[in-house]
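Using the sequences and the accompanying hints, generate a full structural model.
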Amino acid sequence: MTIARFIQHQYEVVPAYSGTRAIKDHLVQQAALVVQDENEQPIGVLTPQDVVQHYHTLVIDCLTVRPSLSPDCGIEEALRVMQETHTEVLAVMEEGALTGLIYKNDLLTYVTDQNKSLEGEVTKQVTELQAIHKELVLSRQILQAVLDSTQSTVILVAPDYSILFFNKKAGDESQALYGRALQTGMNILDYTLHDGRVAGRYLFDAFKNDFDRALTGESVVTERKVQLPDTSRWLRAEYAPVYYQERIIGATLTVTDIDERKRHLLQIERQNELLKHISWVQSHYTRQPVATILGLTSIIEKSTLSEENIRIISMLEATAQKLDEVIRNTVLTANSLEE
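Using the numbering used here, you'd call the opening residue of the sequence shown number -7 and step up by one each time.
Source of the hints: derived by calculation from the structure; they are not laboratory data.
Be aware that one or more of the hints could be misleading.
Said to hold, decoys possible - Below are the PhoX-like pairs computed for lysine-lysine, each with C-alpha atoms no more than 25 angstroms apart in a straight line:
(1) Lys96 with Lys126
(2) Lys268 with Lys254
(3) Lys254 with Lys217
(4) Lys314 with Lys294
(5) Lys126 with Lys116
(6) Lys200 with Lys268
Since we're looking at a predicted model, the values are computed, not measured.
The following block contains the structure:
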């Protein structure tokens, strides 16, 4: 910012050959007087300090040579010149003509006010940043608590396979499976690359392929039976790309133990297969002989039979029909369960 707005265009003038006693009181009131020669041209600025340092009877003999400033001079530059020349006021010249006076106090007052305003703004911004930081810390703590309370393993991995974040479950699983703790910044492939205890190298071969797909923006979900040191478990792995400002910065790996549910589902599937087999047997093997019995009973010549034999044949036919109805209902029930 320039000194233009601080220039005092109204100022008092005194002739160069005036007596110092005559203008002393006036000088004290004005703080500075512009000295003019016989042609009323300004030749300098007289201050109380000049009269004290140069004790002469004429004004012209008390003048101190000082530099002048231009209106487009910056505030900092003006203060620097005043500091170097040990003066409180300087003349402002434009195109060789005096345009006014500039006082050091005016500049210092402005700078002080600006600094206070800047300090207030900085304090306000610092307070806002502290509040934002506090909210971020609280949000991170809440997120960490939520992720730590889940029974799924959650790991955030960068494109170079370095670990950016993991929850408590992930740390516990790593310690149990590989005998080493997860650490941010470590390469996740290092945890399985040389580990022969996990058959199939699940978190290496499968992870690398599915993770690379997630880095292209694809969401990947897999369910695999993994052989562990002492047993085997069904695991569900979900890979999701993570975006920041529309750019993929990594992917999250969420692994859930679905062993109990998967085994239950497989058991239901086996039961369904068994029901289908029973239905097929009932329909093709059991019902056929019953149909044959019903057919034979219908073609027997009953006129040559005794009443007792006719009664027995009727009972046989009724029993066969009941059995056929049971078989048909069994097949329908099995088909409805399958659907």
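Consistency of the hints with the structure:
1. Lys96 with Lys126: violated (44 angstroms)
2. Lys268 with Lys254: It holds: about 21 angstroms lies between the C-alpha atoms, which stays within 25 angstroms.
3. Lys254 with Lys217: Answer holds: Lys254 to Lys217 is near 10 angstroms, not above 25 angstroms.
4. Lys314 with Lys294: holds (21 angstroms)
5. Lys126 with Lys116: Holds, at about 15 angstroms.
6. Lys200 with Lys268: violated (40 angstroms)
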